[in-house]
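Asks: Let the sequences and hints guide you as you build the complete structure.
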Amino acid sequence: MTPVIEVRRIDESDWQVFRDLRLAALADAPRAFGSTLDQWRDAGEQRWRDRIAAVALNLVAEQDAAPVGMVSGTGPDAEGTVELISMWVAPAARQHGVGAGLVDAVVAWAQGAGGRQVVLQVTEGNREATRLYRRHGFVTTGEVETRPHDGVREVRLALPVSPPRR
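The opening residue of the sequence shown carries number 1 in the working numbering; numbering runs sequentially from there.
Since the hints were derived computationally from the structure, they do not count as laboratory data.
One should not assume that every hint holds.
[Stated by the list, open to error] Distance windows between CB atoms, simulated:
{"#": "1", "residue 1": "Val4", "residue 2": "Glu124", "range": "16 to 24 Å"}
{"#": "2", "residue 1": "Arg131", "residue 2": "Asp28", "range": "14 to 22 Å"}
{"#": "3", "residue 1": "Val4", "residue 2": "Gly125", "range": "31 to 39 Å"}
{"#": "4", "residue 1": "Thr146", "residue 2": "Glu12", "range": "13 to 21 Å"}
{"#": "5", "residue 1": "Val144", "residue 2": "Ala65", "range": "14 to 22 Å"}
For every residue, glycine included, the Cβ atom is placed at its ideal position computed from N, Cα and C.
Replies: Here you go:
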């Protein structure tokens with residue numbers, strides 16, 4: 001039987017779900033994020049609520065009603081750029097359409113918000129994530145950044161988007 005995947009928007013009241021996913025993400029893929037498990041492990045409720053409130057879009061993917069993935073989106077800025085950030089899918093839920101559902105939801109939100117492009121950064125060498133983004137039409141911009149605090153190189157990808165047709 002095909003698992004049922006639902007992507008839903010969360011707010012500050014969902015801080016515990018977000019916390020559990022974020023801590024799992026930081027433990028599973030420490031090089032994929034700009035922050036660390038040590039920085040967040042002992043964070044209190046208000047810090048989690050503040051993180052959710054500070055970002056325009058926060059989504060959770062649930063597979064058969066269990067939280068298995070997350071993504072956030074910022075913007076759009078003055079140029080119409082939306083940034084896809086903090087994407088993660090639990091290892092057991094990968095290859096089941098969870099990541100695709102999360103990316104699709106951010107792109108749809110960007111279109112509805114008047115975004116002109118969605119950009120993201122992916123850790124250099126993360127082939128699985130890069131393949132997912134390329135399947136959705138993202139292309140490499142040629143920009144590569146090295147994070148100063150850990151030396152991890154991140155490749156920038158972009159996807160032009162059009163407003164929804166009326």
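Asks: Could you run down the list of hints and mark each one as holding or not?
Replies: Okay, the hints, checked on the actual structure:
Judged by the Cβ atoms, the range 16 to 24 Å given for valine 4 and glutamate 124 is violated: they are separated by roughly 34 Å. Evaluation of the 14 to 22 Å hint for arginine 131 and aspartate 28 yields a pass: the beta carbon distance comes to about 18 Å. Take valine 4 and glycine 125: their Cβ atoms lie about 32 Å apart, and the range 31 to 39 Å holds. With their beta carbons about 33 Å apart, threonine 146 and glutamate 12 fall outside the hinted range of 13 to 21 Å.
For valine 144 paired with alanine 65, a C-beta distance near 39 Å fails the hint of 14 to 22 Å.
Of the numbered hints given earlier, the model fails hints 1, 4, 5; all others are met.
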